[in-house]
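**Student:** Put together the whole structure using the sequences plus the hints.
Now for the letters of each chain:
There are 2 protein chains.
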Amino acid sequence: MCQFRTVMCYYDGMGETFESGECEVAIVFADSSKALITGTKAIMNMCETLVGFWDDAEFMPQGMRPPRPSDIDFQKKRLFSGASMLRDRILKQARVLPNNIIDVSAFMESYIDMALMEECAKELADRFSQLRPTKILTVATTGLVIAAPMAVLLQVPLVYARKQRTMVMSDYHMATYASRTQNMNKELVVSKGHLSADDRVLIVDDFLSAGSCQDALLRIISDAGAKPIGIAVLVEKAYEKGRMFLSGYNLPVESLAAVVSVDDGRINLEE
Amino acid sequence: MCQFRTVMCYYDGMGETFESGECEVAIVFADSSKALITGTKAIMNMCETLVGFWDDAEFMPQGMRPPRPSDIDFQKKRLFSGASMLRDRILKQARVLPNNIIDVSAFMESYIDMALMEECAKELADRFSQLRPTKILTVATTGLVIAAPMAVLLQVPLVYARKQRTMVMSDYHMATYASRTQNMNKELVVSKGHLSADDRVLIVDDFLSAGSCQDALLRIISDAGAKPIGIAVLVEKAYEKGRMFLSGYNLPVESLAAVVSVDDGRINLEE
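Chains A and B, in that order, are what the protein sequence lines are.
Going by the UniProt record's numbering, the first residue of the first sequence is number 1, and it counts up by one from there.
Going by the UniProt record's numbering, the first residue of the second sequence is number 1, and it counts up by one from there.
Just so you know, the hints here were simulated from the structure itself, not pulled from any lab data.
Nothing here was measured: the structure is a model prediction, and the numbers come from that model.
It cannot be assumed that every hint is accurate.
No copy labels: a pair is met if it fits in one copy or bridges any two.
[To be verified] Derived lysine-lysine pairs resembling BS3-like cross-links, with alpha carbons at most 25 Å apart:
1. Lys227 <-> Lys122
2. Lys192 <-> Lys241
3. Lys192 <-> Lys92
4. Lys122 <-> Lys163
5. Lys122 <-> Lys192
6. Lys163 <-> Lys92
7. Lys163 <-> Lys186
8. Lys186 <-> Lys241
**Tutor:** What follows is the structure, encoded as structure tokens:
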């Protein structure tokens with residue numbers, strides 16, 4: 001049921017391996033009558049993955065030099081295919097509606113290509129794993145499609161803000177913001193107790209537009225006394241300048257695709 | 001970032017392995033100075049996993065007898081820990097609100113333990129993988145927490161029904177149902193084109209209560225000309241008899257935990 005690009009270990013148990021871990025194994029090879037990749041290439045790929053995740057060159061097998069940082073950046077880009085797959089789908093399947101609303105319902109909204117989301121989650125999770133988030137905060141419903149697989153990869157709980165109170169909520173944090181897309185003021189609510197003062201919170205969402213929604217989430221995080229560590233989104237509408245609006249928070253903002261303009265129903269992505 | 005219980009192969013590529021596949025490798029062992037499991041046990045576990053997923057005893061290494069079906073059932077139960085983890089959390093963390101509403105917001109609603117959801121998804125996906133679904137249909141927002149990881153495991157797209165139309169929807173299927181929990185009539189909408197006549201649709205949701213919501217989804221599937229293949233839920237409120245209400249559809253209904261009664265704020269689970 002799973003597909004592996006690189007496989008390192010036999011693991012049986014439920015231990016926490018995110019923060020630290022030991023692994024003492026010799027690298028061995030299966031006698032395979034069908035190979036899609038050479039042995040050397042396999043080892044290099046595996047080491048790239050490990051170096052990428054743990055930022056540690058000790059995984060390099062003896063006799064192979066540790067890669068220079070520029071190599072790693074280059075290798076990382078090759079390791080992940082989420083951003084290029086997403087850009088491709090936006091150009092092929094996103095539609096521009098009146099008021100320049102970008103309709104992505106064919107692949108990442110009410111119809112979700114979860115294989116695509118999984119690849120995107122790998123790439124975004126990798127960009128923030130070294131900042132060691134303890135929780136992911138997103139907004140229901142559309143943010144969940146990327147936040148859920150990222151929470152699995154980063155091994156942290158997922159909290160989502162709702163746009164309305166439910167009857168199970170008694171005590172909650174609330175922040176309001178203006179939605180341009182829907183041309184109205186909106187409320188976001190998060191139950192108290194879902195965020196705590198020692199949390200390092202990564203904000204994850206499908207879109208970054210003018211940044212007012214993320215700003216509301218940041219106010220909720222501040223209200224809870226927690227620490228925000230960054231903002232990860234699938235698609236950034238660069239022309240709405242959300243990144244600039246949020247710059248005062250001095251947080252890393254990462255997107256996998258940036259729309260620079262929408263002209264006559266045509267979507268132009270940043271190169 | 002991943003944890004493996006059993007590892008079979010080195011795989012590089014994007015091929016479809018869900019429906020069929022060939023794998024010709026000798027089983028080899030890493031020279032490990034730390035082992036959490038014996039070699040024989042490791043092979044048996046791996047074979048159980050493969051037999052469990054593909055229902056095929058050919059994976060047994062030579063000299064080891066194929067397990068009897070009763071063994072497999074027993075082994076399968078041990079393979080998955082989702083149901084027992086979920087039952088444990090319900091007993092420890094679910095609260096009973098007025099009108100006997102079960103509040104699960106501490107672990108599978110607005111605060112989501114995605115590691116728990118991942119384990120539950122493995123167990124539910126396994127129960128339906130042999131029915132070869134081509135799509136998962138759920139209801140926003142709360143159904144997504146289990147439907148998203150199941151879609152990744154079953155390698156199928158995920159479609160969710162919304163409780164209100166959005167501005168990107170032009171042509172859609174709609175069905176209404178009565179929600180007891182919220183004491184009102186509700187609408188579910190799914191864009192036309194998200195389901196097609198050759199789809200085999202697995203309905204996935206967080207709760208099965210009286211079954212009226214799942215019945216609405218089944219009417220939408222029928223409206224689209226697609227074929228429903230089953231219903232998978234995390235928690236079944238057995239006392240609301242949803243299973244009986246839906247029995248006319250003659251579909252497999254699987255839940256990981258069944259609440260038989262709620263007395264004085266105490267939740268009683270089926271043994």
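**Student:** Does each hint fit the structure? Answer for all of them.
**Tutor:** Hints, one by one, checked against the model:
In the homo-oligomer, the alpha carbons of Lys227 and Lys122 lie at most 25 Å apart inside one protomer (23 Å), although the nearest pairing across protomers, at 33 Å, exceeds that limit. Proximity of Lys192 and Lys241 under a CA criterion of 25 Å is satisfied in neither setting, with 31 Å inside one chain copy and 34 Å between copies. Taking the closest pair of Cα atoms, Lys192 and Lys92 come within 25 Å of each other only across two copies (19 Å); inside a single copy the shortest separation is 42 Å, beyond that limit. In this assembly of identical chains, Lys122 and Lys163 lie within 25 Å of each other by CA distance neither inside one copy nor across copies; the values are 27 Å within and 30 Å between.
When the C-alpha separation of Lys122 and Lys192 is checked against a cutoff of 25 Å, the pair qualifies neither within a copy, at 29 Å, nor between copies, at 31 Å. When the C-alpha separation of Lys163 and Lys92 is checked against a cutoff of 25 Å, the pair qualifies neither within a copy, at 31 Å, nor between copies, at 28 Å. For a Cα distance limit of 25 Å, the shortest separation of Lys163 from Lys186 qualifies both inside one copy, at 7 Å, and across copies, at 18 Å. In this homomeric assembly, Lys186 and Lys241 come within 25 Å of each other (Cα to Cα) only inside a single copy, at 20 Å, whereas the closest approach across copies is 38 Å.
Consistency with the previously given hints fails for numbers 2, 4, 5 and 6, ordered from lowest to highest.
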